[in-house]
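Chains as they are written, first to last, in our numbering: chain V, 1 to 197; chain B, 1 to 226.
Quick caveat, the hints were computed from the structure, so don't treat them as lab data.
Treat the hints with caution; some may be incorrect.
Claimed, not checked - Away from chain V, derived, C-beta distances all over 10 Å, residues of chain B:
(1) Asp21
(2) Gln29
(3) Gly38
(4) Leu51
(5) Ala67
(6) Arg75
(7) Asp85
(8) Ser107
(9) Ala117
(10) Lys121
(11) Ala128
(12) Asp129
(13) His133
(14) Arg168
(15) Ile170
(16) Ser222
Stated by the list, open to error - Cβ pair distances, simulated, as ranges:
(17) V:Arg127 to B:Glu195: 51 to 59 Å
(18) B:Arg103 to V:Gly84: 50 to 58 Å
(19) B:Ala167 to V:Arg14: 42 to 50 Å
(20) B:Ala167 to V:Thr164: 27 to 35 Å
Unchecked claim - Over the 12 Å line for every Cβ pair with chain V, so calculated as not near, a few chain B residues:
(21) Gln8
(22) Ser10
(23) Ser12
(24) Leu24
(25) Gly50
(26) Val52
(27) Ile88
(28) Glu95
(29) Asp96
(30) Asn169
(31) Leu176
(32) Pro181
(33) Gln182
(34) Glu195
(35) Ala213
(36) Ala220
All values derive from a computational prediction rather than experimental measurement.
Glycine included, each C-beta is placed from N, C-alpha and C at the ideal position.
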Amino acid sequence: MIGLYSPGSSLIHRAPTLLKLFLLSLCVVVIGTSPDLRVVGGAAAGALLLFLIARVPMRAAAGQIAPILLILLVAVPIQGLLSGWLVATLMAGRLLVAVALAALFTMTTTVTAVLEAFQRLLRPFRRFVDADRVGLLVALTIRCIPLVSDIVREVLEARTARGTQWSLMSIAVPVVVRSLYAADALGEALIARGLDD
Amino acid sequence: MSSIRFEQVSHSFGDRSVLHDVTLELTEQRIGIVGANGSGKSTLVRMINGLVAPQSGTVTVDGQNVAKHARDVRRKVGFIFTNPDNQIVMPTVREDVAFTLRRRGLSPAEIAERTTAALAKFGLSEHADHPAHRLSGGQKQLLALAAVLVAEPATIVADEPTTLLDARNIRRISELWQTLPQQVIVVTHHLHLVENFDRVIVIEKGEVVADGAPEQSLAAYSALLA
Chain V
1 MIGLYSPGSS LIHRAPTLLK LFLLSLCVVV IGTSPDLRVV GGAAAGALLL
51 FLIARVPMRA AAGQIAPILL ILLVAVPIQG LLSGWLVATL MAGRLLVAVA
101 LAALFTMTTT VTAVLEAFQR LLRPFRRFVD ADRVGLLVAL TIRCIPLVSD
151 IVREVLEART ARGTQWSLMS IAVPVVVRSL YAADALGEAL IARGLDD
Chain B
1 MSSIRFEQVS HSFGDRSVLH DVTLELTEQR IGIVGANGSG KSTLVRMING
51 LVAPQSGTVT VDGQNVAKHA RDVRRKVGFI FTNPDNQIVM PTVREDVAFT
101 LRRRGLSPAE IAERTTAALA KFGLSEHADH PAHRLSGGQK QLLALAAVLV
151 AEPATIVADE PTTLLDARNI RRISELWQTL PQQVIVVTHH LHLVENFDRV
201 IVIEKGEVVA DGAPEQSLAA YSALLA
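Based on the sequences and whatever the hints tell you, model everything.
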């Protein structure tokens with residue numbers, strides 16, 4: 001969800017997040033359990049139509065789907081030889097449609113909308129779970145991925161610049177230490193922004 | 001302007017004393033705080049919104065003891081950190097600014113309106129839905145500022161906000177300070193940033209060694225460094 005949202009005002013963008021999540025789950029279950037190639041083919045055509053309605057950049061969408069193609073390049077021939085080409089085609093179709101629909105969801109839904117949906121889902125359990133806190137936890141987790149990724153990149157660059165040899169400890173120790181410092185600083189920032197309760 | 005008062009404030013980290021018996025009253029609109037690394041200036045300003053509690057003495061903002069009323073004080077005092085990356089909480093620019101308002105009891109329409117206005121004010125509108133971590137250093141610091149100012153605090157405390165910026169962005173931030181109607185307290189090593197301020201305080205080894213008009217204080221600081 002980091003950097004994948006593609007702003008827009010299409011019907012898909014405006015659809016309620018919980019509805020989108022429900023339809024995504026339903027579609028994945030249906031294509032995952034149906035042995036009929038026509039169902040998977042229909043779902044693929046439906047997914048393509050949804051992409052056109054959402055008017056998301058096709059290049060970005062292709063970037064989301066491309067990694068699964070690499071996996072399928074290896075998995076389909078193996079599956080075809082072991083279980084038959086119908087099963088291999090079904091598997092490939094199911095994976096492609098599921099990944100495409102998930103990509104469409106992330107490209108048309110902001111993190112805030114997902115958090116609010118989570119909070120609404122958790123509301124009936126408010127006696128046991130603080131929905132706001134869970135929402136904040138999810139947001140911070142998403143936010144910390146690029147933060148930690150930057151730390152890893154900087155540590156690797158520093159290691160290269162100093163010409164040190166590869167060792168797990170020389171990467172792990174500074175990454176962990178710097179991540180803890182960053183977590184501490186993020187905690188301070190949250191306090192400063194009024195989230196100290 | 002808020003009245004911020006330090007009354008005989010002392011603080012140490014372990015054996016190292018960082019502030020020693022500091023008494024100050026800050027009432028001017030633009031106040032600069034300068035000093036060497038480890039002089040205690042960051043600790044001093046962190047006390048203004050309760051990020052650090054003094055071991056002895058009191059800090060008050062408009063008569064409210066920060067140690068006892070930290071939450072109320074934080075609504076009046078916005079804080080900007082050196083590294084904006086550590087201050088950005090939400091994945092996109094718009095969401096991060098809106099995040100400040102989420103617990104203020106405002107309607108979604110009001111949050112959206114104030115967020116849009118804040119982004120426009122800081123020239124971030126075109127980046128509103130972009131990932132915050134992909135902004136440049138200067139834009140990230142502007143985002144940090146927008147995220148603080150959207151809550152309309154009476155005072156803004158900035159702890160070395162230009163340390164990680166290039167010359168162009170330092171100038172941009174510097175010009176911004178001059179236009180803000182709020183009380184601004186800036187800790188910095190960039191002395192030209194505070195040349196036009198109303199008051200500059202020099203901290204050395206946990207004590208106030210110069211306090212007054214910028215020319216006078218900056219001259220004293222330069223003499224100290226010589």
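Consistency of the hints with the structure:
1. The non-interface label for B:Asp21 is consistent with chain V: the shortest C-beta to C-beta separation is roughly 26 Å, beyond 10 Å.
2. Against the 10 Å criterion, B:Gln29 stays outside the reach of chain V, whose nearest CB is about 21 Å from its own CB.
3. Non-interface call for B:Gly38 relative to chain V: holds, since the shortest CB-CB distance, roughly 17 Å, exceeds 10 Å.
4. Consistency note on B:Leu51: stated as away from chain V, yet its beta-carbon is not over 10 Å from all of that chain's, at 6 Å minimum.
5. Residue-level check passed: B:Ala67 sits 13 Å from the nearest beta carbon of chain V, beyond 10 Å.
6. Under the 10 Å C-beta cut-off, the non-interface status given to B:Arg75 relative to chain V is violated; the minimum distance is some 7 Å.
7. Not every beta carbon of chain V lies more than 10 Å from that of B:Asp85, the smallest distance being close to 6 Å; the non-interface claim is violated.
8. Every CB of chain V lies more than 10 Å from the CB of B:Ser107, the least distance being 14 Å, so the non-interface label holds.
9. For B:Ala117, the requirement that its beta carbon stay farther than 10 Å from each beta carbon of chain V is met, with the minimum near 18 Å.
10. Interface exclusion of B:Lys121 from chain V stands, the closest Cβ pair being 18 Å apart, more than 10 Å.
11. Against the 10 Å criterion, B:Ala128 falls within the reach of chain V, whose nearest CB is about 8 Å from its own CB.
12. The Cβ of B:Asp129 does not lie farther than 10 Å from every Cβ of chain V; its closest approach is about 4 Å, which violates its non-interface assignment.
13. Not every beta carbon of chain V lies more than 10 Å from that of B:His133, the smallest distance being close to 4 Å; the non-interface claim is violated.
14. No Cβ of chain V approaches the Cβ of B:Arg168 within 10 Å, the least distance being about 22 Å, so the stated non-interface status holds.
15. The beta carbon of B:Ile170 is kept farther than 10 Å from every beta carbon of chain V, the shortest such distance being approximately 21 Å.
16. With a least beta-carbon separation of about 31 Å from chain V, B:Ser222 lies farther than 10 Å from that chain, consistent with its non-interface assignment.
17. Our hint of 51 to 59 Å for V:Arg127 and B:Glu195 holds, since their Cβ atoms are close to 57 Å apart.
18. Taken as a hint, the range 50 to 58 Å holds for the pair B:Arg103 and V:Gly84, whose Cβ atoms sit roughly 57 Å apart.
19. Distance hint check: the CB atoms of B:Ala167 and V:Arg14 are about 44 Å apart, consistent with the given range 42 to 50 Å.
20. Hint check: B:Ala167 to V:Thr164, Cβ distance near 33 Å, so the stated range 27 to 35 Å holds.
21. At roughly 25 Å, the least C-beta separation between B:Gln8 and chain V is larger than 12 Å, which holds for a residue marked as non-interface.
22. Remark: the non-interface label on B:Ser10 is consistent with the geometry, its nearest Cβ contact in chain V lying 22 Å away (cut-off 12 Å).
23. Against chain V, the non-interface label of B:Ser12 holds: every CB pair exceeds 12 Å, the least being about 19 Å.
24. Here B:Leu24 stays apart from chain V, with its beta-carbon at least about 21 Å from theirs, past the 12 Å limit.
25. Consistency note on B:Gly50: stated as away from chain V, yet its beta-carbon is not over 12 Å from all of that chain's, at 8 Å minimum.
26. For B:Val52, the condition that its CB be more than 12 Å from all CB atoms of chain V is violated, with the nearest at approximately 10 Å.
27. Separation of B:Ile88 from chain V is inadequate, the least Cβ-Cβ distance of about 7 Å not exceeding the 12 Å criterion.
28. Non-interface status of B:Glu95 relative to chain V is broken: a Cβ of that chain comes within 12 Å, the nearest being about 5 Å off.
29. Residue-level check failed: B:Asp96 sits 9 Å from the nearest beta carbon of chain V, not beyond 12 Å.
30. Distance to chain V confirms B:Asn169 as a non-interface residue, since its nearest Cβ pair spans about 19 Å, more than 12 Å.
31. With a least CB separation of 19 Å from chain V, B:Leu176 remains clear of the 12 Å interface cut-off, as annotated.
32. For B:Pro181, the shortest C-beta to C-beta distance to chain V comes to about 21 Å, beyond the 12 Å cut-off, and the non-interface label holds.
33. Distance to chain V confirms B:Gln182 as a non-interface residue, since its nearest Cβ pair spans about 15 Å, more than 12 Å.
34. Here B:Glu195 stays apart from chain V, with its beta-carbon at least about 27 Å from theirs, past the 12 Å limit.
35. Non-interface status of B:Ala213 relative to chain V is upheld: no Cβ of that chain comes within 12 Å, the nearest being about 30 Å off.
36. With a cut of 12 Å on Cβ distances, B:Ala220 stays outside the contact zone with chain V, its closest approach being about 31 Å.
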